[in-house]
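Residue numbers (our numbering), protein chains in the order written: chain A, 29 to 351; chain B, 29 to 351; chain C, 3 to 270; chain D, 3 to 270.
If you are wondering where the hints come from, they were derived from the structure by calculation, not from laboratory data. None of these values were measured; they are calculated from a predicted model. Ideal placement from N, C-alpha and C gives every residue a C-beta, glycine not left out. Errors might be hidden in some of the hints.
Unchecked claim - Mimicking DSS-like on lysine-lysine, the simulated pairs with C-alpha atoms at most 27 Å apart in a straight line are:
id: 1; chain 1: C; residue 1: LYS161; chain 2: A; residue 2: LYS238
id: 2; chain 1: A; residue 1: LYS109; chain 2: D; residue 2: LYS162
id: 3; chain 1: B; residue 1: LYS238; chain 2: D; residue 2: LYS161
id: 4; chain 1: A; residue 1: LYS341; chain 2: D; residue 2: LYS49
id: 5; chain 1: A; residue 1: LYS347; chain 2: D; residue 2: LYS191
id: 6; chain 1: C; residue 1: LYS161; chain 2: B; residue 2: LYS161
id: 7; chain 1: D; residue 1: LYS191; chain 2: B; residue 2: LYS177
id: 8; chain 1: B; residue 1: LYS180; chain 2: D; residue 2: LYS157
id: 9; chain 1: A; residue 1: LYS341; chain 2: A; residue 2: LYS329
id: 10; chain 1: C; residue 1: LYS161; chain 2: B; residue 2: LYS119
id: 11; chain 1: D; residue 1: LYS128; chain 2: A; residue 2: LYS177
id: 12; chain 1: D; residue 1: LYS128; chain 2: A; residue 2: LYS167
id: 13; chain 1: B; residue 1: LYS180; chain 2: D; residue 2: LYS191
id: 14; chain 1: D; residue 1: LYS157; chain 2: A; residue 2: LYS109
id: 15; chain 1: A; residue 1: LYS347; chain 2: D; residue 2: LYS162
id: 16; chain 1: B; residue 1: LYS119; chain 2: B; residue 2: LYS95
id: 17; chain 1: B; residue 1: LYS161; chain 2: C; residue 2: LYS67
id: 18; chain 1: A; residue 1: LYS31; chain 2: C; residue 2: LYS14
id: 19; chain 1: D; residue 1: LYS161; chain 2: A; residue 2: LYS119
id: 20; chain 1: B; residue 1: LYS180; chain 2: C; residue 2: LYS157
id: 21; chain 1: B; residue 1: LYS95; chain 2: C; residue 2: LYS191
id: 22; chain 1: A; residue 1: LYS72; chain 2: D; residue 2: LYS128
id: 23; chain 1: B; residue 1: LYS119; chain 2: B; residue 2: LYS180
id: 24; chain 1: B; residue 1: LYS31; chain 2: B; residue 2: LYS72
id: 25; chain 1: C; residue 1: LYS128; chain 2: B; residue 2: LYS119
id: 26; chain 1: C; residue 1: LYS161; chain 2: C; residue 2: LYS14
id: 27; chain 1: C; residue 1: LYS191; chain 2: B; residue 2: LYS119
id: 28; chain 1: B; residue 1: LYS161; chain 2: C; residue 2: LYS14
id: 29; chain 1: C; residue 1: LYS67; chain 2: B; residue 2: LYS347
id: 30; chain 1: B; residue 1: LYS180; chain 2: D; residue 2: LYS176
id: 31; chain 1: D; residue 1: LYS161; chain 2: A; residue 2: LYS109
id: 32; chain 1: D; residue 1: LYS49; chain 2: B; residue 2: LYS31
Claimed, not checked - Covered by chain A, per the in silico footprint, the following chain D stretches (three or more residues, Cβ under 8 Å):
id: 33; segment: 25–32
id: 34; segment: 89–97
id: 35; segment: 125–137
id: 36; segment: 159–170
id: 37; segment: 238–244
id: 38; segment: 258–267
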Amino acid sequence: MSKRMTIKEAVNLINDGDAITFSGFTIWRRPMAMVYEMIRQRKKNLHLIEVNSGTHGDMLIGAGAVKIWESCWIGHELFGKLGANLDRKVKAGEIITEDYSHQQMLLRMVAGAQGVPYMPTWASRGTDILNPKYDMLGKAGLRDGSNPKIPKEKAQWVEDPFFEEGTLIHVPAARPNICIAHVQQVGEDGTIRVWGQKFADEEAIKAADKVIVVAEEVVPEEYLRREPSQNLIPPYLVSAIVEQPYGAHPTGNFGCYEVDGNFLRDFYNRTKTQEGFDEWAEEWIFGVPDFDAYLEKLGFKRLQDLRANSAYKYSTRAKRGTR
Amino acid sequence: MSKRMTIKEAVNLINDGDAITFSGFTIWRRPMAMVYEMIRQRKKNLHLIEVNSGTHGDMLIGAGAVKIWESCWIGHELFGKLGANLDRKVKAGEIITEDYSHQQMLLRMVAGAQGVPYMPTWASRGTDILNPKYDMLGKAGLRDGSNPKIPKEKAQWVEDPFFEEGTLIHVPAARPNICIAHVQQVGEDGTIRVWGQKFADEEAIKAADKVIVVAEEVVPEEYLRREPSQNLIPPYLVSAIVEQPYGAHPTGNFGCYEVDGNFLRDFYNRTKTQEGFDEWAEEWIFGVPDFDAYLEKLGFKRLQDLRANSAYKYSTRAKRGTR
Amino acid sequence: MEKIYAKQGEYKVNDLLAVAAAREVTDGEVVFAGTGLPMLAMMLSQKTNAPNSFLIYEAGTIDGKSIHLPASVGDARCAYQASIGSGLYDVFSQLQRGHVDLAFLGGAEIDQYGNVNTTIIGDYTKPSVRFPGSGGNPDINSLARRTVFMMVQEKRRFKKNVDYITSPGWRIPKWPGGEIVSRQEAFGKKFRGGPSAVITNMAVFRFNEETGLMYLDTVHPGYTVEDVQNNVDFDLDVSRVSGQTEPPTLEELRLLYHEVDAEGIFLP
Amino acid sequence: MEKIYAKQGEYKVNDLLAVAAAREVTDGEVVFAGTGLPMLAMMLSQKTNAPNSFLIYEAGTIDGKSIHLPASVGDARCAYQASIGSGLYDVFSQLQRGHVDLAFLGGAEIDQYGNVNTTIIGDYTKPSVRFPGSGGNPDINSLARRTVFMMVQEKRRFKKNVDYITSPGWRIPKWPGGEIVSRQEAFGKKFRGGPSAVITNMAVFRFNEETGLMYLDTVHPGYTVEDVQNNVDFDLDVSRVSGQTEPPTLEELRLLYHEVDAEGIFLP
Chain A
29 MSKRMTIKEA
39 VNLINDGDAI
49 TFSGFTIWRR
59 PMAMVYEMIR
69 QRKKNLHLIE
79 VNSGTHGDML
89 IGAGAVKIWE
99 SCWIGHELFG
109 KLGANLDRKV
119 KAGEIITEDY
129 SHQQMLLRMV
139 AGAQGVPYMP
149 TWASRGTDIL
159 NPKYDMLGKA
169 GLRDGSNPKI
179 PKEKAQWVED
189 PFFEEGTLIH
199 VPAARPNICI
209 AHVQQVGEDG
219 TIRVWGQKFA
229 DEEAIKAADK
239 VIVVAEEVVP
249 EEYLRREPSQ
259 NLIPPYLVSA
269 IVEQPYGAHP
279 TGNFGCYEVD
289 GNFLRDFYNR
299 TKTQEGFDEW
309 AEEWIFGVPD
319 FDAYLEKLGF
329 KRLQDLRANS
339 AYKYSTRAKR
349 GTR
Chain B
29 MSKRMTIKEA
39 VNLINDGDAI
49 TFSGFTIWRR
59 PMAMVYEMIR
69 QRKKNLHLIE
79 VNSGTHGDML
89 IGAGAVKIWE
99 SCWIGHELFG
109 KLGANLDRKV
119 KAGEIITEDY
129 SHQQMLLRMV
139 AGAQGVPYMP
149 TWASRGTDIL
159 NPKYDMLGKA
169 GLRDGSNPKI
179 PKEKAQWVED
189 PFFEEGTLIH
199 VPAARPNICI
209 AHVQQVGEDG
219 TIRVWGQKFA
229 DEEAIKAADK
239 VIVVAEEVVP
249 EEYLRREPSQ
259 NLIPPYLVSA
269 IVEQPYGAHP
279 TGNFGCYEVD
289 GNFLRDFYNR
299 TKTQEGFDEW
309 AEEWIFGVPD
319 FDAYLEKLGF
329 KRLQDLRANS
339 AYKYSTRAKR
349 GTR
Chain C
3 MEKIYAKQGE
13 YKVNDLLAVA
23 AAREVTDGEV
33 VFAGTGLPML
43 AMMLSQKTNA
53 PNSFLIYEAG
63 TIDGKSIHLP
73 ASVGDARCAY
83 QASIGSGLYD
93 VFSQLQRGHV
103 DLAFLGGAEI
113 DQYGNVNTTI
123 IGDYTKPSVR
133 FPGSGGNPDI
143 NSLARRTVFM
153 MVQEKRRFKK
163 NVDYITSPGW
173 RIPKWPGGEI
183 VSRQEAFGKK
193 FRGGPSAVIT
203 NMAVFRFNEE
213 TGLMYLDTVH
223 PGYTVEDVQN
233 NVDFDLDVSR
243 VSGQTEPPTL
253 EELRLLYHEV
263 DAEGIFLP
Chain D
3 MEKIYAKQGE
13 YKVNDLLAVA
23 AAREVTDGEV
33 VFAGTGLPML
43 AMMLSQKTNA
53 PNSFLIYEAG
63 TIDGKSIHLP
73 ASVGDARCAY
83 QASIGSGLYD
93 VFSQLQRGHV
103 DLAFLGGAEI
113 DQYGNVNTTI
123 IGDYTKPSVR
133 FPGSGGNPDI
143 NSLARRTVFM
153 MVQEKRRFKK
163 NVDYITSPGW
173 RIPKWPGGEI
183 VSRQEAFGKK
193 FRGGPSAVIT
203 NMAVFRFNEE
213 TGLMYLDTVH
223 PGYTVEDVQN
233 NVDFDLDVSR
243 VSGQTEPPTL
253 EELRLLYHEV
263 DAEGIFLP
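Isolated chain A, as found in the complex:
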């Protein structure tokens, strides 16, 4: 049977309380069409486990969809210096945050992808990230083993017996229920091809129990299989396939379109308060029935100016600076 479905159908595969991870990096190649619909469908108590976060994460947090956030970073790069929604929810004690370093989060995903419970690393020793006082899931009493997605320890320290190089950190596997990935191409059966930087997509997709892939275009398997070395993921790892051009907007997509900086700046500036977020969400999420209507609201010229030049792989028409 075909895995093709609509954004709305794909979001139905997500349960309240699920542990979720995403494709992309900060403000690049995030599955925004899915994120908007998750908010529209009022998903709740989500547990985000992300190598790094960005606009999509701060948006889900602002919408009150997130109970636990485990990652290393959130913000909008130069279009918004922090995640104002996370900042607000943290101060209000309305969300549990668990900080790891970037490499530690990556290795947690690597462990999940490899089917081992942890990975060893030298990264970020000597920081408060490893301060037991700041084990927030532990403080919340959530490390009792009752939730299979929450390890019993935040980290462990282990001596190297092989070369006697000292004390390593072991970080626990990340095992999300679902990875929601936005990519450039997917075959009808599910072979995934990503252009440009792969970020931590391979690890995030393979760590997850279920994969929802949204692609700019669905293409023939035979076409992707002419160059197997350029493909990232085989069909049997993919549960759902959605075709949605511009589905990562306002984040950028290598070879497809630019980051919509003005959109991100507007989101950042307007959503520092809950009232502001609710107004913004009314305008851009609840005020439109679906992602197609959202794109119409943005309008052709705006989207066309973001469109990547096929040689450079990024837009040469989008105005980016003051000159």
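Assemble chains B, C and D onto chain A, guided by the hints.
Only chains B, C and D this time, still in chain A's reference frame:
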């Protein structure tokens, strides 16, 4: 300064006693031009640490160049059912062998490439590979820490504290002095591109302290950099660059040439005894001054028939079976 | 299409091995296959009973659609129309993650518990023969859900206990202690299954997962239970023989000789 | 070419930050750079003093030759004519393996020992501000040979002790115990170096690797030692001031405004 050099110059970078690893898989993409010259220059006491071995390894062993062999497999696939030279040297007690499983050897290389002393795995529990009685480097008294390339333990068993999934194996990092890689293309500065299956090349190259790369062709960096996602290794990891067409013969090379099955079968059949090996080596190694002379000895038609069809990526003219 | 079976003499023993193994595949499964007969079996199954199964080769190809039979799992032919052309780290990680349903493997010798030896004959520290070694055999066999071994039937190859456990069966040492326990106990929460069938030139064997012992399931046409017993060096359970091995059909033979191995590499 | 220095008023403070940072690069080094001024500094150095250095961006590009300034390390522009376009696992593994010589990083606040905080202000469990978090800052800073921080000079940002150690300086907690020890002791055999310079809009600071304390090295044109002391909330060592920071040359400014950031993204 340029890293370009000849096969003879590249072999000069290898010291007796060095720990060595190689590109390729069994009888595919092995750096044979280098192996022949290493034997010609009478390299000694080498410590081979290989994810898997093949014709190249059995040849070095037959030549008496190898003191320690750590790997999981040796042979010539369907052209020779085992490594007759290793078989002979093991029975004569003239070589130390340390067996790990394929995945364990791979993960040893992964640990080396990542700069951590070990990797955890569930692979191959319940086998004699992990029998302490068969820790041959330990029995030989070589796990005393005096050789930085030999870990103090063959393996360790560790309980999973995060998900309580049981007892994992920790396998020690492989840290070869040198990786000798044969690839299809290298840029003038050292960017490496491999076509087809990558095998464990990325891990073997990154685990090594020094990398000697032999390529079918040296190409402009600018050419390889048009598609950065298709490249494997950046210039600063490469110490030496050699251009040698057909440099992997008699092993096969994706997109370039077929395995020379008749050559392998002849090697296997003739080198079961030391006398046989010596005769064979006299004919194919010491009897020719260099690899170019070796190729001339093989002759144009034989090499041309092995040449890959550019669409299929393998030869459609080489006779492979009975029909 | 109606099944027309080949008569004895109309097929070779390797044909039956490949056919019997192919029938072990359930459609849609993800399968690891090694060089030789395992490849033939898997490629045949994709043309018959399991067209939607996925074939992984250890060297780093996934779901290739080879139109020329690979001579080994590292062959460029494995990558033809493959979904993925990567490397060992990718496929072994997927294996460890639990994505592989079935594996076809070989071995030099096997014992009553399905322990397989492909490393040495005699004492490991002073062997009489040094075989190629484990390769990925024990990794695949310890991490896949089911394993089917394809072997030659000889008394010296079917031992009470193998000289060296290269690949784990149903009674194995639990390290670091080394006490012999059931596979279920040794693997604990990571137990996923184990050797499910051994197919030889004479018969098909299966295992009692409780006792861990091998038993005779079916005998190939032309052989008797006694023939099999005479070629096994332990007390074989023959109480559960379910009959004769289903012979190859003419269509299966046509596929093997004209499509799967048209060049006559493994089926001369 | 003869160096013609720009006079005060002919350049902006960020220009000097970028130029001073660029001068920290030695030719041939492998350098990690974050978004913003670190990028400008590294791209400028490749056009001046370090043409053969290699630039790695955290998102997974190596030695890119961007002809348009990336807006972030994940930008498609980072991949233009790059040697490698991979991902985080590749570049972080190379970092941990020890291949990175220098890193340019930023921070919200820093203390006298070079500990940097980019996570929170106040008590971590009840902060008054939640910043973006660590990103790769502590990974890069703990695994590269040298780190240069680029920051804004404010009293509230130069503290005796930071509220939260996001990125490790020269006196850090050694876990699991948490006792404060020297970086050399905490990292043991894996000690490779650490924060080597802090460049702000007012001055350049360096560290005494023995005491672990920050000291004032050079002061930017137009500022005095006192100005700097008034913008540091700890007892700053000013005994080793080596003079004034070398101002930007006209050529460096031309490169910054006409080649590195021609679009005016970080240098409006």
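Verification of the supplied hints:
1. Only pairs whose Cα atoms come within 27 Å are accepted, and C:LYS161 paired with A:LYS238 is rejected, the gap being roughly 44 Å.
2. Between A:LYS109 and D:LYS162 the alpha-carbon distance is near 25 Å, which keeps this suggested pair within the 27 Å criterion.
3. Distance restraint check for B:LYS238 and D:LYS161: the Cα-Cα separation of roughly 44 Å exceeds the 27 Å cut-off, and the hinted pair is therefore not satisfied.
4. In summary, the hint linking A:LYS341 to D:LYS49 is supported, as the alpha carbons are separated by about 24 Å, within the 27 Å threshold.
5. Among the hinted pairs, A:LYS347 with D:LYS191 is inconsistent with the structure: their alpha-carbon atoms are about 49 Å apart, more than 27 Å.
6. With a C-alpha separation of about 22 Å, the suggested pair C:LYS161 and B:LYS161 falls inside the 27 Å cut-off, and the hint holds.
7. For the given pair, D:LYS191 sits about 16 Å from B:LYS177 by alpha-carbon distance, which is consistent with the 27 Å threshold.
8. Restraint check: the Cα-Cα separation between B:LYS180 and D:LYS157 comes to about 51 Å, which exceeds 27 Å; the hinted pair is violated.
9. Proposed proximity of A:LYS341 and A:LYS329 is supported: the alpha carbons are some 19 Å apart, at most 27 Å.
10. Using a Cα cut-off of 27 Å, the hinted pair C:LYS161 and B:LYS119 holds, with the two alpha carbons roughly 23 Å apart.
11. Simply put, D:LYS128 and A:LYS177 have alpha-carbon atoms about 25 Å apart, close enough for the 27 Å limit, and the pair holds.
12. At roughly 13 Å between alpha-carbon atoms, D:LYS128 and A:LYS167 fall within 27 Å of each other, so this suggested pair holds.
13. This hinted pair checks out: B:LYS180 and D:LYS191 have alpha carbons roughly 17 Å apart, not beyond 27 Å.
14. Distance restraint check for D:LYS157 and A:LYS109: the Cα-Cα separation of roughly 20 Å lies within the 27 Å cut-off, and the hinted pair is therefore satisfied.
15. In summary, the hint linking A:LYS347 to D:LYS162 is not supported, as the alpha carbons are separated by about 42 Å, beyond the 27 Å threshold.
16. Among the hinted pairs, B:LYS119 with B:LYS95 is consistent with the structure: their alpha-carbon atoms are about 14 Å apart, no more than 27 Å.
17. Proximity of B:LYS161 to C:LYS67 is assessed by CA-CA distance (about 44 Å); at most 27 Å being required, the pair is judged violated.
18. Proposed proximity of A:LYS31 and C:LYS14 is contradicted: the alpha carbons are some 42 Å apart, above 27 Å.
19. Taking the CA atoms of D:LYS161 and A:LYS119, the gap is near 23 Å; set against the 27 Å cutoff, the hint holds.
20. Proposed proximity of B:LYS180 and C:LYS157 is contradicted: the alpha carbons are some 41 Å apart, above 27 Å.
21. Between B:LYS95 and C:LYS191 the CA atoms are separated by roughly 40 Å; this puts the pair beyond 27 Å, and the hint is violated.
22. Annotation: proposed proximity of A:LYS72 to D:LYS128 holds, straight-line Cα distance about 23 Å (limit 27 Å).
23. Proposed proximity of B:LYS119 and B:LYS180 is supported: the alpha carbons are some 26 Å apart, at most 27 Å.
24. Restraint check for B:LYS31 and B:LYS72: the C-alpha separation of about 25 Å stays at or below 27 Å, so the hint holds.
25. For the hint linking C:LYS128 to B:LYS119, the alpha-carbon distance of about 6 Å falls within 27 Å, and the restraint holds.
26. As the CA atoms of C:LYS161 and C:LYS14 are separated by approximately 26 Å, the hinted pair is consistent with the 27 Å bound.
27. For the suggested pair C:LYS191 and B:LYS119, the alpha carbons sit about 40 Å apart, so the restraint of at most 27 Å is broken.
28. A threshold of 27 Å between alpha carbons decides the hint, and for B:LYS161 with C:LYS14 the separation of about 43 Å lies outside it, so the pair is violated.
29. Of the supplied pair hints, the one linking C:LYS67 and B:LYS347 holds, its CA atoms being roughly 21 Å apart against a limit of 27 Å.
30. Restraint check for B:LYS180 and D:LYS176: satisfied, since their Cα atoms lie roughly 25 Å apart, inside the 27 Å limit.
31. Using a Cα cut-off of 27 Å, the hinted pair D:LYS161 and A:LYS109 holds, with the two alpha carbons roughly 21 Å apart.
32. Taking the CA atoms of D:LYS49 and B:LYS31, the gap is near 23 Å; set against the 27 Å cutoff, the hint holds.
33. With 0 residues having a beta carbon nearer than 8 Å to a beta carbon of chain A, the segment 25–32 of chain D misses the requirement of three or more and the stated coverage is violated.
34. Evaluation of the coverage hint for the segment 89–97 of chain D: fulfilled, as 5 residues show C-beta separations to chain A shorter than 8 Å, against a requirement of three.
35. Given as covered by chain A, the segment 125–137 of chain D passes the check, having 12 residues with a CB less than 8 Å from a CB of that chain where 3 are the minimum.
36. With 5 residues having a beta carbon nearer than 8 Å to a beta carbon of chain A, the segment 159–170 of chain D meets the requirement of three or more and the stated coverage holds.
37. Under a criterion of three residues with beta carbons nearer than 8 Å to beta carbons of chain A, the stated coverage of the segment 238–244 of chain D fails, only 0 such residues being counted.
38. As drawn, the segment 258–267 of chain D meets chain A at 5 residues by the rule of a beta-carbon pair under 8 Å; at three or more, the given contact holds.
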